[in-house]
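Residue numbers (the numbering used here), protein chains in the order written: chain A, 2 to 152; chain B, 31 to 698.
If you are wondering where the hints come from, they were derived from the structure by calculation, not from laboratory data. None of these values were measured; they are calculated from a predicted model. It cannot be assumed that every hint is accurate.
Stated by the list, open to error - Derived SDA-like pairs (lysine to any residue); straight-line CA-CA distance at most 20 Å:
id: 1; chain 1: B; residue 1: K644; chain 2: A; residue 2: W65
id: 2; chain 1: A; residue 1: K107; chain 2: B; residue 2: W449
id: 3; chain 1: A; residue 1: K7; chain 2: B; residue 2: R451
id: 4; chain 1: B; residue 1: K460; chain 2: B; residue 2: V513
id: 5; chain 1: B; residue 1: K418; chain 2: A; residue 2: L108
id: 6; chain 1: B; residue 1: K303; chain 2: B; residue 2: P245
id: 7; chain 1: A; residue 1: K107; chain 2: B; residue 2: P424
id: 8; chain 1: B; residue 1: K418; chain 2: A; residue 2: M27
id: 9; chain 1: B; residue 1: K565; chain 2: B; residue 2: T554
id: 10; chain 1: A; residue 1: K107; chain 2: A; residue 2: S74
id: 11; chain 1: B; residue 1: K418; chain 2: A; residue 2: S41
id: 12; chain 1: B; residue 1: K450; chain 2: A; residue 2: S3
id: 13; chain 1: B; residue 1: K418; chain 2: A; residue 2: Q32
id: 14; chain 1: A; residue 1: K107; chain 2: B; residue 2: L558
id: 15; chain 1: B; residue 1: K418; chain 2: A; residue 2: S74
id: 16; chain 1: A; residue 1: K7; chain 2: B; residue 2: V381
id: 17; chain 1: B; residue 1: K418; chain 2: A; residue 2: F30
id: 18; chain 1: B; residue 1: K418; chain 2: A; residue 2: E105
id: 19; chain 1: B; residue 1: K418; chain 2: A; residue 2: I12
id: 20; chain 1: A; residue 1: K5; chain 2: B; residue 2: Q379
id: 21; chain 1: B; residue 1: K418; chain 2: A; residue 2: G68
id: 22; chain 1: B; residue 1: K418; chain 2: A; residue 2: E51
id: 23; chain 1: B; residue 1: K418; chain 2: A; residue 2: Y36
id: 24; chain 1: B; residue 1: K418; chain 2: A; residue 2: G106
id: 25; chain 1: A; residue 1: K85; chain 2: A; residue 2: W65
id: 26; chain 1: B; residue 1: K418; chain 2: A; residue 2: T120
id: 27; chain 1: A; residue 1: K7; chain 2: B; residue 2: W449
id: 28; chain 1: B; residue 1: K597; chain 2: B; residue 2: M625
id: 29; chain 1: B; residue 1: K561; chain 2: A; residue 2: G68
id: 30; chain 1: B; residue 1: K565; chain 2: B; residue 2: P639
id: 31; chain 1: B; residue 1: K565; chain 2: B; residue 2: D642
id: 32; chain 1: B; residue 1: K418; chain 2: A; residue 2: K7
id: 33; chain 1: B; residue 1: K450; chain 2: A; residue 2: G68
id: 34; chain 1: B; residue 1: K644; chain 2: B; residue 2: V513
id: 35; chain 1: A; residue 1: K5; chain 2: B; residue 2: D642
id: 36; chain 1: A; residue 1: K85; chain 2: A; residue 2: V48
id: 37; chain 1: B; residue 1: K418; chain 2: A; residue 2: T78
id: 38; chain 1: B; residue 1: K450; chain 2: A; residue 2: Q6
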Amino acid sequence: MSRKQKRLALIGGGVAFLMAAVILIMFAFSQSVAYFYVPSDLKTANVQPETRIRLGGLVKDGSWQRGQGMHESFEVTDTIGTVKVNYTGILPDLFREGQGVVAEGKLVSLDPPVFQADTVLAKHDETYMPKDVADRLKDKGVELSGKETIK
Amino acid sequence: MIVELGHFLLVLALVASLVQSTLPVAGTLRRNSQLMDLASSGALIVFLLVVMAYSALTWAYASSDFSVINVWENSHSQMPMIYKISGVWGNHEGSMMLWLLILVFFTALVAIFGGNLPKSLKSNVLVVQGWIATAFLLFILVTSNPFTRASAVMGPVPPPAEGRDLNPVLQDFGLAVHPPLLYLGYVGFSVCFSFAIAALIDKRIDAAWARWVRPWALLAWTFLTLGIAMGSYWAYYELGWGGWWFWDPVENASFMPWLIGTALLHSALVMEKREALKIWTILLSILAFSLSLLGTFLVRSGVLTSVHAFASDPSRGVFILVILSIFIGGAFSLFALRAPSLTQGGLFQPVSREGSLVLNNLILVVATGAVLTGTLYPMLLEALTGEKISVGAPFFNLAFGWLMVPLFIVLPFGPLLAWKRGDLAGASRKLATAFVISLALGLVVWIATGNAPMVAAVGLIAGFFLVFGALTDLWIRASFLKVGFATGLKRLAGLPRSAIGTMLAHFGVGITVLGVVIVSTWSTEHILEMKPGEKTDVDGYTVVFDRETRGQGPNYSEEVAHFTVFKGERQVAETNSAKRVYTARQMPTTEAGIMTFGFSQLYVSIGDPTGDGKLVVRIWWKPWILFIWGGAVLMAIGGFVSLSDRRLRVGAPARRAQGTPRPAAGAA
Chain A
2 MSRKQKRLAL IGGGVAFLMA AVILIMFAFS QSVAYFYVPS DLKTANVQPE
52 TRIRLGGLVK DGSWQRGQGM HESFEVTDTI GTVKVNYTGI LPDLFREGQG
102 VVAEGKLVSL DPPVFQADTV LAKHDETYMP KDVADRLKDK GVELSGKETI
152 K
Chain B
31 MIVELGHFLL VLALVASLVQ STLPVAGTLR RNSQLMDLAS SGALIVFLLV
81 VMAYSALTWA YASSDFSVIN VWENSHSQMP MIYKISGVWG NHEGSMMLWL
131 LILVFFTALV AIFGGNLPKS LKSNVLVVQG WIATAFLLFI LVTSNPFTRA
181 SAVMGPVPPP AEGRDLNPVL QDFGLAVHPP LLYLGYVGFS VCFSFAIAAL
231 IDKRIDAAWA RWVRPWALLA WTFLTLGIAM GSYWAYYELG WGGWWFWDPV
281 ENASFMPWLI GTALLHSALV MEKREALKIW TILLSILAFS LSLLGTFLVR
331 SGVLTSVHAF ASDPSRGVFI LVILSIFIGG AFSLFALRAP SLTQGGLFQP
381 VSREGSLVLN NLILVVATGA VLTGTLYPML LEALTGEKIS VGAPFFNLAF
431 GWLMVPLFIV LPFGPLLAWK RGDLAGASRK LATAFVISLA LGLVVWIATG
481 NAPMVAAVGL IAGFFLVFGA LTDLWIRASF LKVGFATGLK RLAGLPRSAI
531 GTMLAHFGVG ITVLGVVIVS TWSTEHILEM KPGEKTDVDG YTVVFDRETR
581 GQGPNYSEEV AHFTVFKGER QVAETNSAKR VYTARQMPTT EAGIMTFGFS
631 QLYVSIGDPT GDGKLVVRIW WKPWILFIWG GAVLMAIGGF VSLSDRRLRV
681 GAPARRAQGT PRPAAGAA
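The shape of chain A in the complex, shown without the other chains (with noise of 0.2 Å):
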């Protein structure tokens, strides 16, 4: 092969395996993106039910019932609509009513709205509120106690 001929080859094998990889890495994305939604926006967002989503808010007062075995449930709720998320496990040390909360799985219902968790997370300090939940809930004109560290 000459030098330009090698130059080429090289560089379309370069070429092949950046495009290999930019589809691979889109797929990737497709498969994987869960988008974030508090109660009152599942309904105007029209979410399916089966897509996988994430749902930010508080714990209801007084919603946590512990059931049977490792099945939990409890309402995660911004004041203007209200969600019951039922979830199969251990909940995080700092899970509290009142608190913020983010999960993650899918609806299994739409009316009345039902979500499957697969996660939950509520982070590893006492006063913590997600930061995308009080973004949400402070566009809801949600009031916040002042005393969450927001991060």
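With chain A fixed as given, assemble chain B onto it according to the hints.
Chain B in isolation, oriented as in the chain A frame:
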């Protein structure tokens, strides 16, 4: 008084740093060696001043001086001394102090050990380091002063009697080790960055430059490897649910410089040996530290939701963003200006040692791109459209995982190919045995364990191939078959340290890959309700919940569950798993009970009581999990072994006379 002194010393350090980063420039322009020497003495003085300022802060922590806001917010008089001292960097201000301390430490190392560098290059490197130090000194003094006393902000108030305590998650030995190691890596890349900038300013970039930069890149990379592994192990045992890698943006922030650093190590090798890939190597040197800065910005500005994000203040984010844009923007502008004028190295054969290293670089850089996309895209999208999305672990596992497969397949070939013109058929013959063994082992394990996914088989084969590929390399170098066992061993002992280091690091990659694949595929999780006296079976072991007791630590109270583990009738292990509540913050944490069997672990953590006298218990079986960190430790050992080789050669007169470049071989 000591606290005020610390603040004052920090201001002095800023002044000294300004001198270090300006006057020597005049020296290089006028070829005045006295002015150039100022860079070295300046670097040492800044280092001493920062060490003293840092010690002053540590003293405030050790003596629990709660009149200092930073100490009051993050310490407690009842805390054990080791956490008081490591707690210095367990908060925003202190961790920036540690960042700075390590930066000026590396600068001082260059000043001390850079005797063999050309004077102007050394002076320029120290000047650039001085710019970075100045920027961060300003950042600390203006936005994040750790020495502020409460009385300076709120008027004369009596100092609080007790501190608010360190976040309990951070009250662990991990905090004492993980951040310093990580920063030694992260910030260590600043030296490569400064070398790149200095070389661009000087317009002198040749093989000697690569030889000078490589030990620094290797040192930073080795510490970063240890730092990331340590962070992963800490998260694993501390967070109470046995996850060891979350693709959390902060983890990605440390992982990206590691990936680029790995690429840099390999491309600098090509530059040193073949005087090719010059522009590329310079670019990687700039990129590695730019990603470190980006990481610092992401973690310290509060744009992220993360375990690592301490309470934030918008002015800090803006300040770091300005530092980030000046350094990254400046570096890339200089690069764009100078790169076209740099002499290109020759082309070379695709099948050769350098060809395989180029492939390594291509894959690593693309993989970094994938991680960067997944990390930044949600933030950019939110900034532009307000839409909030999360890109979770599935994205990274899929994209990153599959990008690594080709890398792992070609990796064992690299060291077996000669420089200039490699023999692919020969290398394949040499690796045939390793490949057949890996294929067989991978398939046997996969079939024997039943319904594991196909991906597991691919991962296992790749991992085994890396391990046996590295061993093949050694086997061939020793040529046991030709010269017999004793001579072979002698040959191995006589191998250059860098070759042994390479082998160890590649072997380590294989071990980590095996650990990751096995744990991800075959770990099992059992969640149940138990009361004292009950037992359960987990992967061939019987776990008995013996009793529950209450305990009292220095600054926490705890509920402790005691478990014994039997294999058949024989007791093989026992452990405690606890739920602690830290008094000052009323914050609960879970202390997992971990038992090691060979390379595997049983991981027990307890949840809340269920009301009818039972306790929620989670038990995981984590097969071969120690391979994950063991492999990383092997990589780091490889790095140190290779460094010990380099030390001998670094002193040798290195830069060849200008004007006699090595012919660009392989460019036929």
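These are the hints, each one checked on the structure:
1. Under the criterion of a C-alpha separation no larger than 20 Å, the hint pairing B:K644 with A:W65 is consistent with the structure, at around 19 Å.
2. Annotation: proposed proximity of A:K107 to B:W449 is violated, straight-line Cα distance about 54 Å (limit 20 Å).
3. Between A:K7 and B:R451 the CA atoms are separated by roughly 14 Å; this keeps the pair inside 20 Å, and the hint holds.
4. About 17 Å separates the Cα atoms of B:K460 and B:V513, which keeps this hinted pair within 20 Å; it holds.
5. Of the pairs offered as hints, the one joining B:K418 and A:L108 holds, with about 18 Å between alpha carbons and a cut-off of 20 Å not exceeded.
6. Distance check on the hinted pair: B:K303 and B:P245 sit about 15 Å apart at the alpha-carbon level, within 20 Å; holds.
7. Distance check on the hinted pair: A:K107 and B:P424 sit about 15 Å apart at the alpha-carbon level, within 20 Å; holds.
8. A C-alpha spacing of about 18 Å is found between B:K418 and A:M27, which places the hinted pair at or below 20 Å, so the restraint holds.
9. Proximity of B:K565 to B:T554 is assessed by CA-CA distance (about 17 Å); at most 20 Å being required, the pair is judged to hold.
10. Among the hinted pairs, A:K107 with A:S74 is consistent with the structure: their alpha-carbon atoms are about 14 Å apart, no more than 20 Å.
11. With a C-alpha separation of about 15 Å, the suggested pair B:K418 and A:S41 falls inside the 20 Å cut-off, and the hint holds.
12. For a cut-off of 20 Å, the pair hint linking B:K450 to A:S3 stands: about 17 Å separates their Cα positions.
13. Note on B:K418 and A:Q32: the hinted pairing holds, with a Cα-Cα distance of about 17 Å set against a maximum of 20 Å.
14. About 24 Å separates the Cα atoms of A:K107 and B:L558, which puts this hinted pair outside 20 Å; it is violated.
15. Taking the CA atoms of B:K418 and A:S74, the gap is about 25 Å. The hint is violated against a cut of 20 Å.
16. This hinted pair checks out: A:K7 and B:V381 have alpha carbons roughly 12 Å apart, not beyond 20 Å.
17. Using a Cα cut-off of 20 Å, the hinted pair B:K418 and A:F30 holds, with the two alpha carbons roughly 15 Å apart.
18. Restraint check for B:K418 and A:E105: satisfied, since their Cα atoms lie roughly 13 Å apart, inside the 20 Å limit.
19. The hinted pair formed by B:K418 and A:I12 fails the criterion: a straight-line CA distance of about 38 Å is larger than 20 Å.
20. With a C-alpha separation of about 13 Å, the suggested pairing of A:K5 with B:Q379 holds against the 20 Å cut-off.
21. The hinted pair formed by B:K418 and A:G68 fails the criterion: a straight-line CA distance of about 32 Å is larger than 20 Å.
22. Between B:K418 and A:E51, the direct Cα distance comes to roughly 19 Å. Compliance with the 20 Å bound is thereby established for this hinted pair.
23. Between B:K418 and A:Y36, the direct Cα distance comes to roughly 6 Å. Compliance with the 20 Å bound is thereby established for this hinted pair.
24. For the proposed pair B:K418 and A:G106, the alpha carbon gap of about 16 Å is at most 20 Å, so the pair holds.
25. Note on A:K85 and A:W65: the hinted pairing holds, with a Cα-Cα distance of about 10 Å set against a maximum of 20 Å.
26. Distance hint between B:K418 and A:T120 is fulfilled; the C-alpha atoms sit about 18 Å from each other, no more than 20 Å.
27. In summary, the hint linking A:K7 to B:W449 is supported, as the alpha carbons are separated by about 18 Å, within the 20 Å threshold.
28. Of the supplied pair hints, the one linking B:K597 and B:M625 holds, its CA atoms being roughly 13 Å apart against a limit of 20 Å.
29. At most 20 Å may separate the alpha-carbon atoms for a hinted pair to count; B:K561 and A:G68 meet this at roughly 17 Å.
30. Straight-line distance between C-alpha atoms of B:K565 and B:P639 comes to about 17 Å, which keeps the hinted pair within the 20 Å bound.
31. With a CA separation close to 17 Å, the supplied pair B:K565 and B:D642 stays within the 20 Å bound.
32. Pair hint B:K418 plus A:K7 does not hold up; C-alpha atoms about 46 Å apart against a cutoff of 20 Å.
33. With a C-alpha separation of about 68 Å, the suggested pair B:K450 and A:G68 falls outside the 20 Å cut-off, and the hint is violated.
34. Restraint check for B:K644 and B:V513: not satisfied, since their Cα atoms lie roughly 67 Å apart, outside the 20 Å limit.
35. Proximity of A:K5 to B:D642 is assessed by CA-CA distance (about 79 Å); at most 20 Å being required, the pair is judged violated.
36. Straight-line distance between C-alpha atoms of A:K85 and A:V48 comes to about 15 Å, which keeps the hinted pair within the 20 Å bound.
37. Between B:K418 and A:T78, the direct Cα distance comes to roughly 18 Å. Compliance with the 20 Å bound is thereby established for this hinted pair.
38. Between the alpha carbons of B:K450 and A:Q6 the distance comes to roughly 18 Å, so the proposed pair stays at or under 20 Å and holds.
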